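A.B. asks: These are the residues of each chain, in order.
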Amino acid sequence: DQQVKQNSPSLSVQEGRISILNCDYTNSMFDYFLWYKKYPAEGPTFLISISSIKDKNEDGRFTVFLNKSAKHLSLHIVPSQPGDSAVYFCAASAGSGNTGKLIFGQGTTLQVKP
Amino acid sequence: SQTIHQWPATLVQPVGSPLSLECTVEGTSNPNLYWYRQAAGRGLQLLFYSVGIGQISSEVPQNLSASRPQDRQFILSSKKLLLSDSGFYLCAWDQSRVFKAFFGQGTRLTVV
Chain R
3 DQQVKQNSPS LSVQEGRISI LNCDYTNSMF DYFLWYKKYP AEGPTFLISI
53 SSIKDKNEDG RFTVFLNKSA KHLSLHIVPS QPGDSAVYFC AASAGSGNTG
103 KLIFGQGTTL QVKP
Chain Z
3 SQTIHQWPAT LVQPVGSPLS LECTVEGTSN PNLYWYRQAA GRGLQLLFYS
53 VGIGQISSEV PQNLSASRPQ DRQFILSSKK LLLSDSGFYL CAWDQSRVFK
103 AFFGQGTRLT VV
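Read top to bottom, the protein sequences are chains R and Z.
For the first sequence, my numbering gives the first residue as 3, with consecutive numbering after it.
For the second sequence, my numbering gives the first residue as 3, with consecutive numbering after it.
Certain hints may be false.
[Stated by the list, open to error] One-sided excerpt, in silico: chain R residues whose CB lies under 7 Å from chain Z:
| # | residue |
| --- | --- |
| 1 | 44 |
| 2 | 46 |
| 3 | 48 |
| 4 | 103 |
| 5 | 104 |
| 6 | 106 |
| 7 | 107 |
| 8 | 108 |
| 9 | 109 |
[Unchecked claim] Simulated pairs of lysine-lysine, DSSO-like, Cα-Cα distance not exceeding 27 Å:
| # | chain 1 | residue 1 | chain 2 | residue 2 |
| --- | --- | --- | --- | --- |
| 10 | Z | 81 | R | 103 |
| 11 | Z | 102 | R | 39 |
| 12 | R | 70 | Z | 102 |
| 13 | R | 7 | Z | 102 |
| 14 | Z | 102 | R | 58 |
I should point out that these hints are in silico values taken from the structure, not numbers from a laboratory.
Computed from a predicted structure; not experimentally measured.
Idealized CB from N, CA, C, for every residue including glycine.
Excised from the complex, chain Z in its bound form:
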């Protein structure tokens, strides 16, 4: 069966510090991978998606970047965090043309 792992679960970082969140998927190959963010009191917003290694599409301009160094690994990064980067970050995967995304447990990021 397929599983998705996302870590860390919680993170408190000072403004201006770097960020690296990692997500890996097991039990499937060539998944589509996604990073979503849920800001306080709001729905989930798609940040990045990837259909293959090294292929990243950004949905909204922001202070974040994403990379996919391996088929089942997706990384969310920032060089300098802003207060507005605080939120609940979710990694998700699906298979091409099977429009049912599976989500990780999420990372609660608080920038102080």
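Chain R extracted, bound-state conformation:
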């Protein structure tokens, strides 16, 4: 049972344009969402997060939007740069107790073409 889904395995965009990565979840208990970026043979690095009490969080070129009614979130990268090419993982947490156990999506490979 995949509680967090990234239905697009890959995305290709031109440098300077907007990249939009999507993520859907099924568990209504999730109250915190994160995006991670991963290069091959490296661990994921934290990118941006959003609490369920918000619908938007912005950090530089990165903006995460949350639609709780649709159980959907998206990551916007504007403008996209070749260095953004990586695998992007969406993750969710139910904030259970004191742990931040994360449930990850399958990942979306973003390629930004020069």
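Starting from the known structure of chain R, fit chain Z onto it as the hints suggest.
C.D. replies: Relative to chain R, chain Z alone:
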């Protein structure tokens, strides 16, 4: 600043051999510690987590075990590896109620 170390970076082991992967965190105390695995073409799956020394919770039944002998040390083990244990193993840490995990560089395990 906090750092997380995970080793080895790559490992090739025969079926039936034992496994020990080690992870240590520096610059913080009493972290929550996690082991994740990324199988080929799939997302990251949480295997184990620990909120303190000697406290281990398993998320999925498997051929692996975890131990936390010290506050900032987390070990992933197996007595006999299976082919299906191949994957990319990641150690991570966070602080209680700060739901932003920091990951190590990962170990690529290939069971042959």
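A.B. asks: List in ascending order the numbers of the hints, as given earlier, that are violated by the structure.
C.D. replies: none
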